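Participant: Sequence:
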Amino acid sequence: MSYNLLKGKRGIIFGALDENSIAWKTAERVHAEGGTFVLTNAPIAMRMGQIDALAKKTGSEIIPADATSEEDLANLVEKATEILEGKLDFVLHSIGMSVNVRKGRKYTDEKYDFTAKGWDVSALSFHKVMQTLYKADAMNEWGSIVALTYMAAQRTFPDYNDMADNKAYLESVARSFGYFYGKEKKVRVNTISQSPTPTTAGQGVKGFDGFISYAEKMSPLGNATAQDCADYTVTLFSDLTKKVTMQNLFHDGGFSNTGVSQEVIEYFSK
Numbered sequence: 006m007s008y009n010l011l012k013g014k015r016g017i018i019f020g021a022l023d024e025n026s027i028a029w030k031t032a033e034r035v036h037a038e039g040g041t042f043v044l045t046n047a048p049i050a051m052r053m054g055q056i057d058a059l060a061k062k063t064g065s066e067i068i069p070a071d072a073t074s075e076e077d078l079a080n081l082v083e084k085a086t087e088i089l090e091g092k093l094d095f096v097l098h099s100i101g102m103s104v105n106v107r108k109g110r111k112y113t114d115e116k117y118d119f120t121a122k123g124w125d126v127s128a129l130s131f132h133k134v135m136q137t138l139y140k141a142d143a144m145n146e147w148g149s150i151v152a153l154t155y156m157a158a159q160r161t162f163p164d165y166n167d168m169a170d171n172k173a174y175l176e177s178v179a180r181s182f183g184y185f186y187g188k189e190k191k192v193r194v195n196t197i198s199q200s201p202t203p204t205t206a207g208q209g210v211k212g213f214d215g216f217i218s219y220a221e222k223m224s225p226l227g228n229a230t231a232q233d234c235a236d237y238t239v240t241l242f243s244d245l246t247k248k249v250t251m252q253n254l255f256h257d258g259g260f261s262n263t264g265v266s267q268e269v270i271e272y273f274s275k
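To convert, count from 1 in the sequence shown and add 5; that's the working numbering.
Treat the hints with care, since some could be wrong.
[Claimed, not checked] With a straight-line cut-off of 16 Å between C-alpha atoms, the simulated EDC-like cross-links for lysine to aspartate or glutamate are:
| # | residue 1 | residue 2 |
| --- | --- | --- |
| 1 | K133 | D77 |
| 2 | K247 | E146 |
| 3 | K108 | D118 |
| 4 | K140 | E75 |
| 5 | K190 | E146 |
| 6 | K222 | E271 |
| 7 | K140 | E76 |
| 8 | K191 | E146 |
| 9 | K111 | D170 |
| 10 | K62 | E33 |
| 11 | K92 | E146 |
Treat the hints as calculated values from the structure; they're not laboratory data. Since the structure is predicted, the reported quantities are computational estimates derived from the model, not experimental observations.
Please model the entire structure based on the sequences and the hints provided.
Facilitator: Take a look at the structure:
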């Protein structure tokens, strides 16, 4: 069911790779709610995914951009506002990558060149995106910027590796930039701390299936799906959440506030 929550609103969606990705589901939901947008991803990610199909489905244009490149981002913002014929109302940052995880290196044996690359892609890119938007004055008042995170920023999950550090930095950027963006331009900045979700990127984490099963048993409402996250993101893009900013919003079925569940107790009492 659609409610026209985003009718007339314009934006940019980063990170749609394939139909499993949260950014992909969000693009579909934004389209259903009347929003228009450009899609963007790094050229290498675009070659791996099926973003052309999403663009066709949603009537969107694609602008390739490396989110770690200030030049690419400046070009993206300039072209997006031209294509959409006006300032932006929403931006989704759905980008994350750890070279250490991909290469199978443990947290106690990081290769720091890999660490720096992952931090730039997963976390610093959020600052770069917002700084580009801010300097170009590309956001409308009461616009909304959202980035996706995970609660490994607050609690230790051994195999999440340096991505946990990246997410902690990402959340800090949201609070810090959110203050200035809100104070000076009335733009909201929030992060969504999502349940473990079987996206292409998520499944690259060692022991991911066990991760999901445990979270499902711990969460009173069960894990939030990619589609659930898309729905929630749309509410943050809408005018119904105009005074929500600088928040890390847990969207995890209650996992983050559950000490232990009856299911887990019973499992270990066998």
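Participant: Now tell me if each hint is right for this structure.
Facilitator: Evaluated hints:
no., hint, result
1, K133 with D77, "holds (11 Å)"
2, K247 with E146, "holds (10 Å)"
3, K108 with D118, "holds (12 Å)"
4, K140 with E75, "holds (12 Å)"
5, K190 with E146, "holds (6 Å)"
6, K222 with E271, "holds (11 Å)"
7, K140 with E76, "holds (13 Å)"
8, K191 with E146, "holds (5 Å)"
9, K111 with D170, "holds (14 Å)"
10, K62 with E33, "holds (8 Å)"
11, K92 with E146, "holds (9 Å)"
In summary, this structure violates none of the numbered hints.
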